[in-house]
Amino acid sequence: MLAQVALGNREAFRQLYELTVAHLFPVALRILRHRDKAEEALQDAYIQIWNKASEFHADRGTAGAWMSTIVRYRALDALRRKPREINLEELPDRADQADDIGRLLSGSDLQLCMDDLSEEQRHAIALAYIEGLSHSELSERLTSPLGTVKSWIRRGLQSLRECLSR
Amino acid sequence: MNLNRSPLREQLAGAYVLGTLRGPARQRFERAMADSAELRDSVLFWEQALAPLLMRQPQKPRRNLLPAIEARLGWARAEDAVRRLPWLPAWGFALVAALSIMLWAPWTPKITPDFALTLATEEGQARWQFAVDKTHNWIDVSVLSTPDLSRQQDLELWLLVDGSAPKSLGLISEVVGARQRIETSLPLADGIGLAVSVEPPGGSPTGQATGPIIALEKFPSA
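As you go down the protein sequences, you meet chains A and B in turn.
Every number in my numbering is 556 more than the matching position in the first sequence, counting from 1.
Every number in my numbering is 680 more than the matching position in the second sequence, counting from 1.
Wrong hints could be hidden among the right ones.
In silico DSSO-like pairs for lysine-lysine, Cα to Cα no more than 30 Å straight-line [unchecked claim]:
no., chain 1, residue 1, chain 2, residue 2
1, A, LYS638, B, LYS740
2, B, LYS847, B, LYS814
3, B, LYS898, B, LYS740
4, B, LYS847, A, LYS608
5, B, LYS814, B, LYS740
6, A, LYS638, B, LYS814
7, B, LYS814, A, LYS608
8, B, LYS847, B, LYS898
9, A, LYS608, A, LYS638
10, A, LYS706, A, LYS638
Negatives, chain A to chain B, calculated, CB over 10 Å [as the list claims (entries may be wrong)]:
no., residue
11, ALA568
12, GLU595
13, ARG628
14, SER674
15, GLU696
16, THR704
What the hints contain is simulated information worked out from the structure, not anything from laboratory work.
For every residue, glycine included, the Cβ atom is placed at its ideal position computed from N, Cα and C.
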């Protein structure tokens with residue numbers, strides 16, 4: 557379908573939207589924690605998907621990963637333009653955080669490699685990625701010093717890289 | 681596996697994808713990425729590796745974003761896009777239109793606008809009231825309420841035209857209660873509706889809507 561979109565097929569783009577919007581919206585919402593802002597970031601993302609569809613190559617990953625990556629970057633852009641205010645309503649449930657990660661990834665290479673990390677490293681990387689938290693926000697959320705958090709991320713990335721290349 | 685991978689490059693690419701690489705360092709990295717296929721490969725590796733973490737319980741946005749996306753892409757089916765928007769009940773619209781004309785009357789005593797139009801958010805909050813004179817090519821704007829904007833954002837008004845991209849009518853005020861008249865060389869008679877988008881300061885740099893469209897309404901006769 558992305559190939560059709562790359563050729564400029566508008567109907568394919570509309571179908572792609574219908575098929576993917578419910579999967580991509582939560583990606584933006586987790587980062588921005590604000591429905592209107594998440595919807596705006598999603599508009600930006602779909603426009604980029606339309607414009608860049610020809611740059612997607614199936615041999616370099618899945619279409620879902622490509623699209624959700626675009627949504628993440630647009631949400632991070634929105635965050636940089638206007639940092640979020642704490643919005644208690646949209647804060648994720650506690651239960652949805654650490655232990656959930658294992659279930660999400662069950663069976664994937666990423667899961668095996670995430671399992672190799674220390675719990676702190678795993679948690680810090682997942683929070684940074686899923687919620688778009690900065691080092692200082694992570695330090696606050698995990699009630700740990702900034703330097704410690706930075707080293708969790710650095711060592712976590714290093715171990716992940718080594719593990720995923722095996 | 682490439683044994684020559686530089687650990688530093690992998691760290692930076694990982695931090696870039698994770699989002700913890702911020703500020704000027706992030707911009708420097710993006711510039712370096714444009715010149716280096718190796719760096720782009722490292723970034724792609726991390727993007728693909730971490731993407732499974734994004735799988736979530738599906739959740740739809742409250743409104744259908746497709747009409748706004750299509751309008752921003754300048755697709756010809758603007759009319760179609762407008763049709764997909766939830767409509768105010770017709771009597772409500774007529775009431776608003778009638779009230780608006782009454783309200784506008786004292787302010788523009790000599791020339792009566794052809795019609796009035798109110799743009800509201802999806803949640804139904806009225807944002808702007810327009811009085812449109814197609815013959816003399818002006819639009820009066822009255823700001824009823826404003827969205828939450830940062831200092832780096834301006835509001836731009838667009839004329840929706842059937843068969844081509846929306847055309848800019850300029851920036852509109854962000855001050856509640858403000859009134860301004862936009863006189864334009866664009867033939868308003870060719871327009872089918874109005875839309876407002878959020879743009880960088882000074883308006884869209886490309887001449888097309890680059891930011892999200894936050895409200896859109898068709899002309900009553902279109």
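Results for each hint:
1. About 24 Å separates the Cα atoms of LYS638 of chain A and LYS740 of chain B, which keeps this hinted pair within 30 Å; it holds.
2. Straight-line distance between C-alpha atoms of LYS847 of chain B and LYS814 of chain B comes to about 15 Å, which keeps the hinted pair within the 30 Å bound.
3. As the CA atoms of LYS898 of chain B and LYS740 of chain B are separated by approximately 25 Å, the hinted pair is consistent with the 30 Å bound.
4. Taken as a hint, the LYS847 of chain B and LYS608 of chain A pair is honoured in the structure, with Cα atoms around 24 Å apart against an allowance of 30 Å.
5. Restraint check for LYS814 of chain B and LYS740 of chain B: the C-alpha separation of about 39 Å exceeds 30 Å, so the hint is violated.
6. Simply put, LYS638 of chain A and LYS814 of chain B have alpha-carbon atoms about 38 Å apart, too far for the 30 Å limit, and the pair is violated.
7. The straight-line distance between the Cα atoms of LYS814 of chain B and LYS608 of chain A is roughly 38 Å, outside the 30 Å bound, and the hint therefore fails.
8. Taken as a hint, the LYS847 of chain B and LYS898 of chain B pair is honoured in the structure, with Cα atoms around 14 Å apart against an allowance of 30 Å.
9. For the hint pairing LYS608 of chain A with LYS638 of chain A, the CA-to-CA distance comes to about 25 Å; that is within 30 Å, so the pair holds.
10. Taken as a hint, the LYS706 of chain A and LYS638 of chain A pair is honoured in the structure, with Cα atoms around 24 Å apart against an allowance of 30 Å.
11. With a least beta-carbon separation of about 13 Å from chain B, ALA568 of chain A lies farther than 10 Å from that chain, consistent with its non-interface assignment.
12. With 10 Å as the threshold on Cβ separation, the claim that GLU595 of chain A sits away from chain B is violated: the shortest Cβ distance comes to roughly 5 Å.
13. For ARG628 of chain A, the condition that its CB be more than 10 Å from all CB atoms of chain B is violated, with the nearest at approximately 7 Å.
14. Residue-level check passed: SER674 of chain A sits 17 Å from the nearest beta carbon of chain B, beyond 10 Å.
15. Distance check for GLU696 of chain A against chain B: the nearest CB is about 14 Å away, which clears 10 Å, and the non-interface claim stands.
16. With a least beta-carbon separation of about 14 Å from chain B, THR704 of chain A lies farther than 10 Å from that chain, consistent with its non-interface assignment.
Checked against the numbered hints listed earlier, the structure breaks hints 5, 6, 7, 12, 13; every other hint is satisfied.
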